Amino acid sequence: MIGTFTASAALTEPARGDAVVRVSALTKRYGDVAVVEDVTFSLGPGTVTGFLGPNGAGKSTTLRVLLGLAEPTAGEALVFGRRYRDLDEPARRVGAVLESNDFDPGRSGRNHLRALALAGGISRGRVEELLELVGLARAADRRVGAYSLGMRQRLGLAGALLGAPHLLVLDEPANGLDPAGVHWLRTFIRQFADQGGTVLVASHGLAEVAQTVDQVVIIHHGRVIAAARLDQLAARGKTLEETYLELTSEVAA
Amino acid sequence: MSAHVRAELLKLRSTRTNLGLFAAMLGLVGFVIALHGFGLPTEALGSRPKQLGVFGRGELLGTLFAALLGALSITSEFRHGTIRPTFLVTPRRGRVVAAKVMASMLIGSTFGLLAAALALGVGSVAFATRGLEIRLDGGDYALLLAGSAAAAALWAGIGVGLGALVRSQVPTVVGIATWLLFVEGLLIGDLGFGDVGRFTPGALGKAATGQDPLLAPGLAVLLLALYAVASTAAGWVSTERRDVA
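Line by line, the protein sequences are chains A and B.
Offset between the first sequence (1-based) and the working numbering: plus 118.
Offset between the second sequence (1-based) and the working numbering: plus 1.
Simulated from the structure, these hints should not be mistaken for laboratory data.
All values reported here derive from a predicted model rather than from experimental measurement.
Every clue listed holds true.
Label-pair restraints from in silico Cβ distances:
1. B:PRO50 with A:LEU267: 56 to 62 angstroms
2. A:GLY174 with B:ALA24: 43 to 49 angstroms
3. B:ALA45 with A:PRO223: 42 to 48 angstroms
4. B:ALA234 with A:ARG147: 24 to 30 angstroms
5. B:PHE200 with A:GLU246: 49 to 55 angstroms
Partial list, computed: chain B residues near chain A (C-beta under 8 angstroms):
6. ARG7
7. PHE88
8. LEU89
Note that the Cβ used here is the ideal one computed from N, Cα and C, for glycine as well.
Hey, can you work out the whole structure from these sequences and the hints?
What follows is the structure in structure tokens.
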């Protein structure tokens with residue numbers, strides 16, 4: 119499978135000293151079912167990586183293990199060289215949005231952020247700063263139940279950014295955003311990376327990713343089937359979409 | 002107070018759920034005590050133990066609602082998915098469970114205290130209206146208030162532990178209510194399991210307010226604390242070990 123396509127050595131080499139994310143031979147089984155199998159990739163600082171694959175490919179499970187919410191069956195997933203659960207002040211290193219609706223509908227946006235900030239040792243001023251940044255300052259005292267999906271996405275992002283992290287992990291962040299929101303998100307991700315931040319964006323959609331990322335890791339049936347920089351794909355005369363469909367349909371067939 | 006406890010206190014007071022629980026508790030206490038105080042025949046209210054039984058109903062309701070508050074503090078996070086951001090900020094999950102126990106015990110003790118106080122107030126009005134003599138002294142009142150606060154605090158801890166263990170909201174809430182109101186209230190109480198029934202957690206809460214002449218309130222609190230330790234320890238271990246979807 120991968121033989122049809124030269125994977126980028128930089129992305130799949132497990133050991134790199136300065137790697138922000140290092141996933142090595144990661145396997146996660148639920149009973150007899152391997153949801154993630156022998157996944158290896160690493161991400162350097164300042165990169166934006168699309169983590170692509172069809173629904174059910176194992177993207178979200180990989181992210182949950184990376185972020186300490188689930189335990190690996192084998193292998194390991196490290197951020198800044200450590201297991202997430204061993205980081206001292208994780209919110210100051212890593213920000214993540216895994217689901218678009220992880221809010222209590224009865225709590226206001228401001229109180230949602232304030233509770234996270236308290237637990238993370240982050241100031242109240244920073245909460246206000248982020249409400250401004252994501253354009254929710256005026257809606258901050260309304261209950262999240264009354265927010266649109268786009269507003270929830272932005273509130274989730276604000277929560278992830280509370281600790282001014284160096285790594286941002288986003289699972290399907292463009293779901294529910296209108297075109298202006300998608301544009302805003304792209305610009306934000308680009309700026310974040312230009313300032314040295316690292317971004318890992320999981321998505322099953324290609325359109326919003328192709329314009330934002332430097333490189334992609336494509337996962338299918340729990341295995342990495344391709345990892346490459348976009349310019350490497352371009353050099354082969356293939357678009358991201360062509361490569362993606364070629365690889366995922368090949369494996370499925 | 003630790004930042005984590007303050008975060009949990011903010012969560013407890015920033016939705017209407019707990020305000021609703023509090024209002025429902027006060028309403029039920031007022032209703033139940035008024036029903037007993039005004040409705041029961043004079044001979045059923047004459048003796049000191051019978052009066053203790055009526056005034057002590059505040060403890061049962063304070064305990065029930067404190068346990069629900071504790072359970073909801075964690076099951077609502079699993080239900081709404083906020084457990085993910087919570088554990089992302091505090092990946093050492095034991096700290097989250099400990100903070101929830103502390104915060105729920107603090108609010109739970111207030112629930113217990115105010116439920117007992119309202120029961121005393123409504124009961125006194127009912128007795129005075131009917132011209133009945135109250136045979137309780139200052140020590141009884143103090144024990145009803147302090148015991149109720151202690152029992153409700155410990156039951157709030159039990160609730161957090163059960164919620165962490167079960168995770169799912171409806172079974173946890175139904176289980177707690179069924180246990181306190183039906184299993185202990187009707188089965189064990191009425192069928193008379195003798196001394197076994199004396200050491201079930203609901204009965205210990207009652208004994209903490211001085212309603213069991215054979216079990217000292219201090220000892221009852223201590224035994225109830227053991228239940229709370231067991232429940233929160235089980236919830237803590239389960240929370241550390243199980244994946245979060």
